[in-house]
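Enquirer: Sequence:
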Amino acid sequence: MGCVDENPTGTSMNDKLENYLLGHIDAEGDYLYRLYRATNVRLLRGRMASGHLQGRLLKMLVRMIRPKNILEVGTFSGYSAICLAEGLEEGGKVYTFEINDEMEDFTRPWIEGSAVADKINFMIGDAITEAPKLDIVFDMAFIDGDKRTYLDTYEMVLKVVRKGGFILADNTLWDGHVLEQPKASDGQTRGIEDFNDFVAKDDRVEKVILPLRDGLTLIRIV
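Residue numbers (our numbering): 497 to 718.
If you're looking for bench data, these hints aren't it; they were derived computationally from the structure. Treat each hint with caution, since some may be false.
[Said to hold, decoys possible] The calculated lysine-lysine pairs, modelled on DSSO-like cross-linking and capped at a C-alpha distance of 27 Å, are: (1) K655 / K564; (2) K564 / K629; (3) K512 / K555; (4) K679 / K655; (5) K555 / K589; (6) K659 / K555; (7) K564 / K512; (8) K564 / K589; (9) K629 / K589; (10) K564 / K679; (11) K659 / K703; (12) K659 / K629; (13) K679 / K659; (14) K679 / K629; (15) K555 / K679; (16) K589 / K655; (17) K659 / K564; (18) K703 / K589.
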């Protein structure tokens, strides 16, 4: 049945719990709030942005891991890049790639207008081919790009992130579709399923999936 509070408003307990969570963690901040709202108003699939809860987790993980260089694959509107950069110490940098050049007009002003703009290098291009050209050893990576190429992205990231470094992969529960048999035409679901199955058996890494939002996999290179 699920946790449903049978009341006249029809509000689900999950909604109430989410509101409770958001009321008991660090504030999102006005700038990120406005960015998230603009993302949902102006862009298709605005829900792809990380949002308040995941954004605070990303910042906290950066505080804990203390990376110097972070690679992000899939900038979208810039919300997660800003959250990652907020957690960086002085001298740290987020290198974020967005393959869709049509996003640049929306995303670049939001990144450049943020308080952490000096910690973010926003690039348009395919991270799979372009990130290795930076010749940077990364301490952490956040994979949130095209689900159809998650495995290719993962293999690239393993080559540029140091041993003992961390990889975060978003959307790994894919709205529960990982429990279904995907259609032949559904390359994104198949991409996520193939990624999850592969990482589960990969002895090069330690891994755990958090059931946060759409699923967040934490991976440590051993």
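Enquirer: Under the criterion that the straight-line Cα-Cα distance not exceed 27 Å, is the pair K679, K629 satisfied?
Expert: 36 Å, violated
Enquirer: Please verify whether K555 and K679 have alpha carbons no more than 27 Å apart.
Expert: Violated. K555 to K679 sits at ~36 Å, over the 27 Å cutoff.
Enquirer: For the pair supplied as a hint, K659 and K564, is the alpha-carbon distance within the 27 Å limit?
Expert: Within the cut-off at roughly 14 Å; holds.
Enquirer: Is K679 close enough to K655, meaning Cα to Cα at most 27 Å?
Expert: 32 Å, violated
Enquirer: Given the hinted pair K512 and K555, is their alpha-carbon gap at most 27 Å?
Expert: Holds, at roughly 24 Å.
Enquirer: Hey, K555 versus K589, does the alpha-carbon distance stay inside 27 Å?
Expert: Between K555 and K589 the Cα gap is close to 13 Å, so the pair holds against 27 Å.
Enquirer: Regarding the pair K659 and K629, is the alpha-carbon distance no greater than 27 Å?
Expert: 19 Å, holds
Enquirer: Next pair to validate is K564 with K512; report whether the Cα-Cα distance is within 27 Å.
Expert: Given that 27 Å is the threshold and the Cα spacing comes to 37 Å, the pair is violated.
Enquirer: Just to be careful, I want the Cα atoms of K564 and K629 compared with a cutoff of 27 Å; is the pair within it?
Expert: 18 Å, holds
Enquirer: Just to be careful, I want the Cα atoms of K564 and K589 compared with a cutoff of 27 Å; is the pair within it?
Expert: Judged against 27 Å, a Cα distance of about 6 Å means the pair holds.
Enquirer: Within 27 Å, alpha carbon to alpha carbon, are K659 and K555?
Expert: 22 Å, holds
Enquirer: For the pair we were handed, K629 and K589, check the Cα-Cα distance against 27 Å.
Expert: It holds: about 16 Å lies between the C-alpha atoms, which stays within 27 Å.
Against the hints set out earlier in the document, violations occur for numbers 4, 7, 10, 13, 14, 15.
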